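Chemist: Here's the letter readout for the chains.
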Amino acid sequence: MFNKKGGQKVLFVYWFIIFVIITGGVVYIVSLFYGAPHNVREIESEILLERTVDCISEKGYIHEDFLSNKITNENFPDFCHFNFEVSSPEKNPIGQYYLKLEFFKFDSSKELGMGNKVISIVVGNPNLDTPKEILKENYIPPKLVYLLDKEGNPYIIKINSIVGKFNENVK
Amino acid sequence: MKMLRYSNKRGESLLMENIMFILITAVFFAILITFLVSKMNSLAVYEEVYAKKIALLLDYAKPEMKIEVSLNDIISQDKLKKEEISLDGSISVNGNSVNVKFYPDGKGYSYSFFSDVKITSYYYVPDRNSYVFIIGEYN
Numbered sequence: 018m019f020n021k022k023g024g025q026k027v028l029f030v031y032w033f034i035i036f037v038i039i040t041g042g043v044v045y046i047v048s049l050f051y052g053a054p055h056n057v058r059e060i061e062s063e064i065l066l067e068r069t070v071d072c073i074s075e076k077g078y079i080h081e082d083f084l085s086n087k088i089t090n091e092n093f094p095d096f097c098h099f100n101f102e103v104s105s106p107e108k109n110p111i112g113q114y115y116l117k118l119e120f121f122k123f124d125s126s127k128e129l130g131m132g133n134k135v136i137s138i139v140v141g142n143p144n145l146d147t148p149k150e151i152l153k154e155n156y157i158p159p160k161l162v163y164l165l166d167k168e169g170n171p172y173i174i175k176i177n178s179i180v181g182k183f184n185e186n187v188k
Numbered sequence: 042m043k044m045l046r047y048s049n050k051r052g053e054s055l056l057m058e059n060i061m062f063i064l065i066t067a068v069f070f071a072i073l074i075t076f077l078v079s080k081m082n083s084l085a086v087y088e089e090v091y092a093k094k095i096a097l098l099l100d101y102a103k104p105e106m107k108i109e110v111s112l113n114d115i116i117s118q119d120k121l122k123k124e125e126i127s128l129d130g131s132i133s134v135n136g137n138s139v140n141v142k143f144y145p146d147g148k149g150y151s152y153s154f155f156s157d158v159k160i161t162s163y164y165y166v167p168d169r170n171s172y173v174f175i176i177g178e179y180n
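So the sequence lines, in the order shown, correspond to chains A and B.
Residues in the first sequence are numbered consecutively from 18, following my numbering.
Residues in the second sequence are numbered consecutively from 42, following my numbering.
Keep in mind the hints are simulated off the structure, nothing from the lab.
Quantities reported herein were computed from a predicted structural model and do not represent experimental measurements.
Treat each hint with caution, since some may be false.
Claimed, not checked - When the alpha-carbon atoms are kept at most 25 Å apart in a straight line, the in silico SDA-like pairs for lysine to any residue are as follows: (1) B:K94 x A:G112; (2) B:K94 x A:I60; (3) A:K87 x A:V139; (4) B:K142 x A:F50; (5) B:K94 x A:P158; (6) B:K80 x A:G52; (7) B:K80 x A:N184.
What the hints assert, rightly or not - Going by beta-carbon spacing under 10 Å, a handful of chain A positions derived as facing chain B: (8) F33; (9) F99; (10) N100.
Where a beta carbon is used, it is the ideal one built from N, C-alpha and C, also for glycine.
Given these sequences and hints, build the entire structure.
Modeler: Here's what the structure looks like:
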């Protein structure tokens with residue numbers, strides 16, 4: 018038996034449920050979109066890399082202080098005018114920057130020209146040096162820089178500049 | 042003389058149900074649109090964007106630089122005009138952290154920079170609707 022009034026009530030409930038689902042979906046997607054932080058880690062690590070290269074090179078050559086081992090892990094941030102101190106410990110209780118520099122003598126017979134390692138400088142939070150398999154899309158690969166010393170000897174410098182700040186950049 | 046009164050209860054209830062349905066639908070869409078507009082015009086998003094933008098600019102900063110950041114994206118918003126929010130004093134630098142606060146009662150958004158430069162002064166330029174940062178020597 019066809020009950021038109023009852024049928025309309027069922028239709029009313031059905032439409033109501035559809036509206037709730039659509040509204041919920043739109044609210045969820047919009048919240049997800051506007052709630053997600055803007056990820057600037059990669060840009061920041063690029064800037065850190067560029068500033069590091071600026072600091073290593075002097076008039077186009079490797080700064081003498083690096084090759085004479087005057088620059089150490091301790092004085093590197095001051096030498097390059099970096100401040101890696103944590104400004105808001107409640108937000109970031111541990112260091113949010115990591116910088117690893119490895120100077121290799123250029124050797125064309127080796128892979129990527131990386132011969133003997135002559136200098137290594139590591140500053141910042143070493144926990145940020147996490148493998149690609151764990152960080153996945155948040156992994157920032159190291160960069161290779163080719164520079165000469167003042168005598169014209171070529172060096173390959175492997176720079177790993179990593180910015181943490183996961184709370185502020187990654188959801 | 043008797044007046045004839047026509048009463049169609051079934052028709053009235055059907056009309057009421059339809060009106061209710063239309064009203065609920067309208068209310069739903071009104072809530073949805075209000076939510077979307079409030080999210081899209083939220084200054085909290087701009088606080089984060091400007092804090093990060095300024096921090097990245099200060100990462101590049103070198104002594105004797107003068108950095109000017111335009112806030113034109115913000116001033117065009119109706120909310121600022123309606124609530125008469127002043128951009129003067131909305132940006133501050135504490136140590137190596139930039140704080141952007143567009144709501145006077147809010148906490149704002151802070152983001153740190155790694156360049157060890159001294160920010161000698163910073164001020165709002167109403168004519169150009171921008172903030173100027175004067176960079177001093179290295180710390």
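Chemist: If a hint holds in the structure, say so; if it does not, say that too.
Modeler: Okay, the hints, checked on the actual structure:
no.: 1; hint: B:K94 x A:G112; result: holds, 21 Å
no.: 2; hint: B:K94 x A:I60; result: holds, 11 Å
no.: 3; hint: A:K87 x A:V139; result: holds, 14 Å
no.: 4; hint: B:K142 x A:F50; result: holds, 21 Å
no.: 5; hint: B:K94 x A:P158; result: holds, 23 Å
no.: 6; hint: B:K80 x A:G52; result: holds, 9 Å
no.: 7; hint: B:K80 x A:N184; result: holds, 21 Å
no.: 8; hint: F33; result: holds, 7 Å
no.: 9; hint: F99; result: holds, 5 Å
no.: 10; hint: N100; result: holds, 4 Å
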